[in-house]
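Here the protein sequences line up with chains A and B, keeping their order. Taking this note's numbering, I'd label the letters of the first sequence as residues 1 to 510. Taking this note's numbering, I'd label the letters of the second sequence as residues 511 to 630.
Bear in mind the hints are in silico, worked out from the structure with no lab data behind them. Be a bit skeptical, because a hint or two may be false.
Stated by the list, open to error - Cut-off 25 Å, straight-line C-alpha distance, at most; resulting in silico cross-link-like pairs (SDA-like, lysine to any residue):
no.: 1; chain 1: A; residue 1: 41; chain 2: B; residue 2: 517
no.: 2; chain 1: A; residue 1: 41; chain 2: B; residue 2: 516
no.: 3; chain 1: A; residue 1: 29; chain 2: B; residue 2: 518
no.: 4; chain 1: A; residue 1: 41; chain 2: B; residue 2: 511
no.: 5; chain 1: A; residue 1: 362; chain 2: B; residue 2: 626
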Amino acid sequence: MSPKKLSLKEKYSLLTRDLEWEYSYRDYKEIFPQEEFEGIKITDWSKWEDPFRLTMDAYWKYQAEKEKKLYAIFDAFAQNNGQLNVADARYVNAVKLFLTGVSPLEYQAYSGFAQVGRQFGGVGARVACQMQSLDELRHVQTQIHAMSHYNKFFDGLSEFNHMHDRVWYLSVPKSFFDDARSAGPFEYMVAIGFSFEYVLTNLLFVPFMSGAAYNGDMATVTFGFSAQSDEARHMTLGLEIIKFLLEQHPDNVPIVQRWINKWFWRGTRVLTLVAMMMDYMLPNRVMSWKEAFEVYFEEAGGALFKDLARYGIEMPVYAETAIAEKEHLSHQAWSIFYNYTHAAAFHTWMPNEREMDWLSEKYPNTFDRYYRARFEHWREMERAGERFYNPTLPMLCQTCQIPMGFTEMDNPTLIAYRQSVFQGERYNFCSDGCKDIFDHEPQKYVQSWLPVHQIFQGNCGGAEMEDVLAGYYRMNLGTDNLDFHGSPDEQRWNHWHNLQTAAEQMKKAS
Amino acid sequence: MAVAAITDNYAGERLDRVENFHGNQVIYIGWDYHLMFCAPVAFAISPDTPFDRLLEELIPGAYSQHPEFERIDWDSVQWILNGEAFTPELDASLAAQGIDHKSILRFNTPGLGGIQGSGS
Ligand SMILES: [Fe+2]
Ligand SMILES: [Fe+2]
Ligand SMILES: [Zn+2]
Chain A
1 MSPKKLSLKE KYSLLTRDLE WEYSYRDYKE IFPQEEFEGI KITDWSKWED
51 PFRLTMDAYW KYQAEKEKKL YAIFDAFAQN NGQLNVADAR YVNAVKLFLT
101 GVSPLEYQAY SGFAQVGRQF GGVGARVACQ MQSLDELRHV QTQIHAMSHY
151 NKFFDGLSEF NHMHDRVWYL SVPKSFFDDA RSAGPFEYMV AIGFSFEYVL
201 TNLLFVPFMS GAAYNGDMAT VTFGFSAQSD EARHMTLGLE IIKFLLEQHP
251 DNVPIVQRWI NKWFWRGTRV LTLVAMMMDY MLPNRVMSWK EAFEVYFEEA
301 GGALFKDLAR YGIEMPVYAE TAIAEKEHLS HQAWSIFYNY THAAAFHTWM
351 PNEREMDWLS EKYPNTFDRY YRARFEHWRE MERAGERFYN PTLPMLCQTC
401 QIPMGFTEMD NPTLIAYRQS VFQGERYNFC SDGCKDIFDH EPQKYVQSWL
451 PVHQIFQGNC GGAEMEDVLA GYYRMNLGTD NLDFHGSPDE QRWNHWHNLQ
501 TAAEQMKKAS
Chain B
511 MAVAAITDNY AGERLDRVEN FHGNQVIYIG WDYHLMFCAP VAFAISPDTP
561 FDRLLEELIP GAYSQHPEFE RIDWDSVQWI LNGEAFTPEL DASLAAQGID
611 HKSILRFNTP GLGGIQGSGS
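Let the sequences and hints guide you as you build the complete structure.
Below, the structure is given as structure tokens:
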């Protein structure tokens, strides 16, 4: 008997909803022990609308085709010495930041979605999470492969995974994801599926991928394209989880609102790294951070929250602060990294005259008034042979773990200080958002692994900064760190391009 | 609020208890309106340290690269401890004047507005 050919609809139902079975000899609560403790009430999982109609066999086929194309382009990029065609060697520092700061988050997302994909009682949600989990594993792999080519020619990339777990500024994205993954399954979905993938993803991937396109990095651009259809699925899953939770029970609304507030703020703090990348690290600018924030958060996010208003959901409470900060964020972040580049695995530099003018033009309300004089002073120090490095370790925020470089929005040259006392101990924060997150769950955030305090406690390789940086962080001192000017990256780049020019001259002469 | 946790009475380990700093405590120092130093700075020092030592060693070590540092009139400096106005006793220890673990000590230098008045 020849097997019966199934219709698409039958096949879809068999390969997704039909994977469920009756729980006949174990209690439901034993099988899904994490479904209730967050206070979320699910009355009927069958109301879950599958956010995308995709079966595993179609998924494999589709992804395999994308991989084939992607790896063909990686090969071509390597064979054609694509690294020579980026705008200039400073650009590669954006790649370093991405590989050390973002790619390991793809791995965390893989692990997180696999975990919650086991915990939901509804089979539709489980299947969707498992597919996203596979996507995320693919993302981390393809990103490592795309960027591994740069590792042959530039410093700072070789220990990306080790560094992600240890280096002070990488504790910012790392602790963000650790926070989400150590929460319950529904909070994880609101944190990562909704707030990150739906509300903020365009402020992370679009800047990096269009930055790559504008700066001649074809390997990274192609990776971006290859991930695009995955991201579209992730966004629909993020929206479905929100709508589902809000429709299941009115008691879910305040819980979800609090998670949105929290994760919007956690997310915008992580995006500080993207803001400075856009405004300072791309030799060919795409748009300013401020413009990106206006398009992708204020306009797109504004429309989204208008749509969610019918469920009783409002704009995240800290949205106003984040909107005010768009004028300052990238400049304050670049100042932090310029101060501490001796302890970073990528280079920083002062913008040249043309770049300063671009910043003045894009930030007419703030750049000349608050930042230009500082930067010109640093440039003069550098010219005098005394490039400025901050000799003392910075104070960090207990929640977001970023050095306390953010200022009051009604007094932008005054650092914002917030403090709580819990069980007789002081805790310090960069913002109301970070303080409120701590105050709601202090027992969670007293555990923050703050890199500066860990160094003081002697847990990071020793008392000398060299023990920490070279030993514990595995930085190659004098190559991975310090200013771009005078770095081996810069020297090699100039050398290659002189060679190329000489070769061209030979060709012309013959 | 309690953490919504899968176990009852969930409590986390306080990673930065003063006992973990080998006899030291952490203090943070910030020079207001001088953002050439991007953030307040952190030190692990003995609670018995006299305030003097901050003025003679730690603060110059942290901030002397600033062109205005030499011009600070220390008699007119305004001190702020954990958000409140504060008058230090120079030869008393940090502990004796309430500068405890993870305290923030800010100083404001009237008349010095940072590089070209930019708050840097
Ligand atoms: Fe991803
Ligand atoms: Fe994604
Ligand atoms: Zn913070």
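Hints, one by one, checked against the model:
Note on residue 41(A) and residue 517(B): the hinted pairing holds, with a Cα-Cα distance of about 19 Å set against a maximum of 25 Å. Simply put, residue 41(A) and residue 516(B) have alpha-carbon atoms about 16 Å apart, close enough for the 25 Å limit, and the pair holds. This hinted pair checks out: residue 29(A) and residue 518(B) have alpha carbons roughly 17 Å apart, not beyond 25 Å. Only pairs whose Cα atoms come within 25 Å are accepted, and residue 41(A) paired with residue 511(B) is accepted, the gap being roughly 20 Å.
Restraint check for residue 362(A) and residue 626(B): satisfied, since their Cα atoms lie roughly 22 Å apart, inside the 25 Å limit.
No hint from the list above goes unmet by this structure.
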